[in-house]
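Q: Sequence:
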Amino acid sequence: MQHRIIVLGAGYTGAIAAGRLAKRLRRDDVAITLVNAEPDFVERVRMHQLAVGQDLKPRPFSEMFAGTGVELKLAKVTGVDVDRKTVAVLDANGAEELEYDSLVYALGSGWNDQGVPGTAEHAHEIASRPGALRLRERLARLEAGRPVVVVGGGLTGLEAATEIAEARPDLDVALAARGGLGDWLSPKGRGHLRKVLDKLGITVHEHTAVTGVEADRVATADGTSIPAAVTVWTTGFAVHPIAKATALEVAGTGQIVVDGTLRSVSHPDVYAVGDAALVMGPGDKPLRMSCASGTPSAWQAADAIAARLTGGKLPNVALRYFNQCISLGRREGLIQYVTADDRAVRAALTGRLAAVYKELVCKGAAWGVANPTLGVPTRRRRVVREQAQASSTASVPA
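Counting in UniProt numbering, the sequence shown runs from 1 upward without gaps.
Careful, some of the hints might be misleading.
To be verified - Below 30 Å or equal to it, Euclidean Cα-Cα: the simulated DSSO-like pairs (lysine-lysine) are:
#, residue 1, residue 2
1, LYS363, LYS23
2, LYS23, LYS85
3, LYS76, LYS23
4, LYS76, LYS188
5, LYS85, LYS57
6, LYS244, LYS76
7, LYS57, LYS73
8, LYS199, LYS188
9, LYS285, LYS363
10, LYS285, LYS188
11, LYS313, LYS57
12, LYS313, LYS285
13, LYS363, LYS85
14, LYS363, LYS199
15, LYS244, LYS199
16, LYS23, LYS57
17, LYS313, LYS23
18, LYS73, LYS85
Said to hold, decoys possible - Quick list of simulated restraints, FRET-style, between CB atoms:
#, residue 1, residue 2, range
19, PRO60, ARG343, 15 to 21 Å
20, PRO117, GLY260, 39 to 45 Å
21, ALA238, ARG343, 21 to 27 Å
22, PRO227, ARG331, 23 to 29 Å
23, ALA215, GLY364, 36 to 42 Å
24, ASP55, ALA88, 34 to 40 Å
25, MET1, ARG141, 31 to 37 Å
26, ASP83, SER225, 34 to 40 Å
Hint data in this document are derived by calculation from the structure and do not stem from the laboratory. These figures come from a predicted structure and were not determined experimentally. C-beta atoms are modelled at their ideal positions from N, C-alpha and C, and glycine is treated no differently.
Could you build the full structure based on these sequences and the hints that come with them?
A: Quick look at the structure:
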């Protein structure tokens, strides 16, 4: 019998994990099923571009995984039973239950309204394609001179604010940041960030905690309000809630607790990658939710599964950071170089060259997903039946 591997979610990490498994294992030995609700790959790092009216290249999974041996299942995941080793899904034909021997959980994350009153009713999110498209429609109808407030001074907020201001210079764009503007960046990085935001005419409200969102304004902790015909909420991400409803060991964030090979510490047949996993990085600090850490986690998990099934050597690659890539519209960018544990160093790349750098990173990530079985190594290993059985039944050491 084939070893059944199910990958849940086809974002960057899920799609990469499925492709890497197909590249490393013989098709006769494994059945790899990739479950995703949408038929096309979503370049999540470009949702701010989609929101301002830019069209993104369509990337159908049916074309991307053609001939790879990966079976695409278009369905919504409704539940996971890690004790029975089943996944409940809902597709066009109704409810169905899928059985697995190994599971890769890559359902990722969505926007996090932080429980702030009025956010769910009045704010827009760009953590998903439907959210970005709703914002796109709203911005297209917005008259000149109207105020737009982006709440959140992290990477997503900076990219959203600058993209909107560049695409729609007729709007009054503001950014509300809980801390100082770019306070985690190097002096050079902060200086360039301020220069670009000033050039784009973005009003920055630093050290401003938003405590409520209304249809035409946001309320702040100091009792003032900021006019907002459109509010864009970018204050972080929340993981998909399904993992928390299972018997898997999860952290307070809802992320699955994993070991260095991305294997669940409670259920050895489950691996978690990307935003869904609580991965400890250098300095014993959890890696932040990002493509920068998600993609290497997918490589690590796929290689670990393949090694355990074939009797190969387990991967032992430390997951770390190298830089933070920030687009500031289409013509400006900021590449902040960082330590392994994500602390800024003095060096930073700025300006047009940084924008080109970021664009190459985005294109490279999409290319890696769109060409899942290209690259090295190309030799597929045979699954050792005893190894496959042990991988599915072994207990995780305390």
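Q: Run the distance test for LYS23 versus LYS57: straight-line Cα separation, threshold 30 Å.
A: Roughly 25 Å between the alpha carbons, so the hint for LYS23 and LYS57 holds.
Q: Taking 31 to 37 Å as the stated bounds, is the beta-carbon spacing between MET1 and ARG141 within them?
A: violated, 56 Å
Q: Straight-line Cα separation of LYS244 and LYS76 no greater than 30 Å?
A: This hinted pair holds, its Cα atoms lying about 17 Å apart.
Q: Just to be careful, I want the Cα atoms of LYS285 and LYS363 compared with a cutoff of 30 Å; is the pair within it?
A: holds, 29 Å
Q: CA of LYS85 to CA of LYS57, is that 30 Å or under?
A: violated, 36 Å
Q: Taking the Cβ atom of PRO60 and the Cβ atom of ARG343, is their distance within the range 15 to 21 Å?
A: violated, 40 Å
Q: Hint says 34 to 40 Å; check whether the CB-CB distance for ASP55 and ALA88 agrees.
A: Since ASP55 and ALA88 have Cβ atoms about 35 Å apart, the given range 34 to 40 Å holds.
Q: That 36 to 42 Å hint for ALA215 and GLY364 (C-beta), does it hold up?
A: holds, 41 Å
Q: Please work out if LYS363 and LYS85 have their alpha carbons no farther apart than 30 Å.
A: Violated, because 36 Å separates the two Cα atoms, which is more than 30 Å.
Q: Check the following: the C-beta atoms of PRO227 and ARG331 are separated by a distance inside 23 to 29 Å.
A: holds, 28 Å
Q: Given the hint that LYS76 pairs with LYS23, test it: the Cα-Cα distance must not exceed 30 Å.
A: Holds. LYS76 to LYS23 sits at ~26 Å (cutoff 30 Å).
Q: Does LYS285 sit within 30 Å of LYS313, going by the straight-line distance between their CA atoms?
A: Answer holds: LYS313 to LYS285 is near 26 Å, not above 30 Å.
Violated hints, in rising order: 4, 5, 11, 13, 15, 19, 25 and 26; the structure is consistent with all others.
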